[in-house]
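S.K.: Residues per chain, in single letters:
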Amino acid sequence: MKKLVILGAGCGGTMMANKMRKDLDDDWSITLIDKDNVHYYQPGFLFVPFDINKPKDIRRSRREFIKPGIDFVISELVNVDWDKQEITTATEGIFKYDVLVMATGCDVRPEEVEGLQEGWGNGIYGYYRYNDCQELGKALKNFTGGKIVVNIAEMPIKCPVAPLEFAFLADWYFYERGIRDKVEIEFVTPLAGAFTKPVATSILTEACKDKNIKITPNFAIGSVDHTKKVIAAYDGTEVNYDMLVSIPPNFGSQVMIDSGVSDPMGYIPVDKHTLQPKGYDNVWALGDGTDVPTSKAGAVAHFQGDVLHENIMAYITGGEQHARSDGHAV
Amino acid sequence: MGPLSLLKDTEMNHMAKLMFKWAYFNLLLKGVWLGPPDLMMEGKHRVR
Chain A
1 MKKLVILGAG CGGTMMANKM RKDLDDDWSI TLIDKDNVHY YQPGFLFVPF
51 DINKPKDIRR SRREFIKPGI DFVISELVNV DWDKQEITTA TEGIFKYDVL
101 VMATGCDVRP EEVEGLQEGW GNGIYGYYRY NDCQELGKAL KNFTGGKIVV
151 NIAEMPIKCP VAPLEFAFLA DWYFYERGIR DKVEIEFVTP LAGAFTKPVA
201 TSILTEACKD KNIKITPNFA IGSVDHTKKV IAAYDGTEVN YDMLVSIPPN
251 FGSQVMIDSG VSDPMGYIPV DKHTLQPKGY DNVWALGDGT DVPTSKAGAV
301 AHFQGDVLHE NIMAYITGGE QHARSDGHAV
Chain B
331 MGPLSLLKDT EMNHMAKLMF KWAYFNLLLK GVWLGPPDLM MEGKHRVR
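Going down the list, the sequences are from chains A and B.
Be aware that the first sequence starts at 1, since it is given in this note's numbering, and climbs by one per residue.
Be aware that the second sequence starts at 331, since it is given in this note's numbering, and climbs by one per residue.
Keep in mind the hints are simulated off the structure, nothing from the lab.
Idealized CB from N, CA, C, for every residue including glycine.
Heads up, a few of these hints could be off.
Derived pair list, reagent style DSS-like, types lysine-lysine, alpha-carbon separation capped at 30 Å [to be verified]: (1) A:K272 to A:K96; (2) B:K338 to A:K214; (3) A:K158 to B:K351; (4) B:K338 to A:K35; (5) A:K3 to B:K347; (6) A:K197 to B:K338; (7) A:K2 to A:K158; (8) B:K338 to A:K84; (9) B:K347 to A:K209; (10) A:K54 to B:K347; (11) A:K138 to B:K360; (12) A:K229 to A:K211; (13) B:K347 to B:K360; (14) A:K141 to B:K338.
Partial list, derived from the structure: chain B residues whose beta carbon lies under 7 Å from chain A [said to hold, decoys possible]: (15) E341; (16) K351; (17) L358; (18) K360; (19) G361.
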């Protein structure tokens, strides 16, 4: 029997497993591996702090979305070896593969900015993790006035527009509470403007002005002092805060770094159109864990999934692989 | 895109974003085909 192994049962991996099961015959087994059975609806993390989504609404069982005929294995990954075509797991042994799809995502790492982790939960909050977004919600409820700084540490990050959405939602939230005039909101970004693209930047800058949200661009954060409540850039610029909503550096999977199949930040290097690493014609990657220069978002993974599905089926049947990803999300 | 204005601050956009959760769990994760690749450029203008 031939073996398709998929690493990561998040948005990209689950979608790929289901797509492939529909079209692969019984000569192919599909194994989907992840460290646990919890699937988070990550777009909901942004809404939990404002009580728009409840935590229980964005947390589901991974198994619930996996089609029959797919073996779901729960174990930490230990090693990925493209040359031997095998995956080593912590508790379930070694899995050989004929075709490999990697959808191992990325995550925030506050410890990568000096002083950020030390102040986490003490005037410093985030919303990119399940517990973090709930803690931020509690902090916002207790916030009665002062300066909120929303800071992107560096790009790339998951869902690049989310920090700006957070600032807009905060504007609405404090307006509804009747204390907007007591809250200053500052958006501090390493980008040259409000967003990555010029047309969107122009429109979103105007939206910030309308909402009295100050934009501080070109801010490359170097350190955080949570005792003085100050963030400092490498050029010496400082911004003080009463509450810091931090978007820490994003890293790909540590296992990819340890296995030597990624760049130093854990992102898997692939051709941006074929989504394959150079020299390995039976390996593909999609979603947030790749190094392609596009948004890290579920919508991108969806369109990448269509490309992978078509090309993997062509690879298996010996046909031409015509599909190409162009990086668009919506 | 359809009734939704890209980049506009509207209730319709906000409601659509909230409703996306249903599409995510019921269509996207299940690998349902959501439309042709041309959909990606809907509402955008190519720079020539």
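S.K.: Flag every earlier hint the structure violates by its number, smallest first.
M.R.: As far as the earlier hints go, 4, 5, 7, 8, 11, 15 are violated by this structure, in ascending order.
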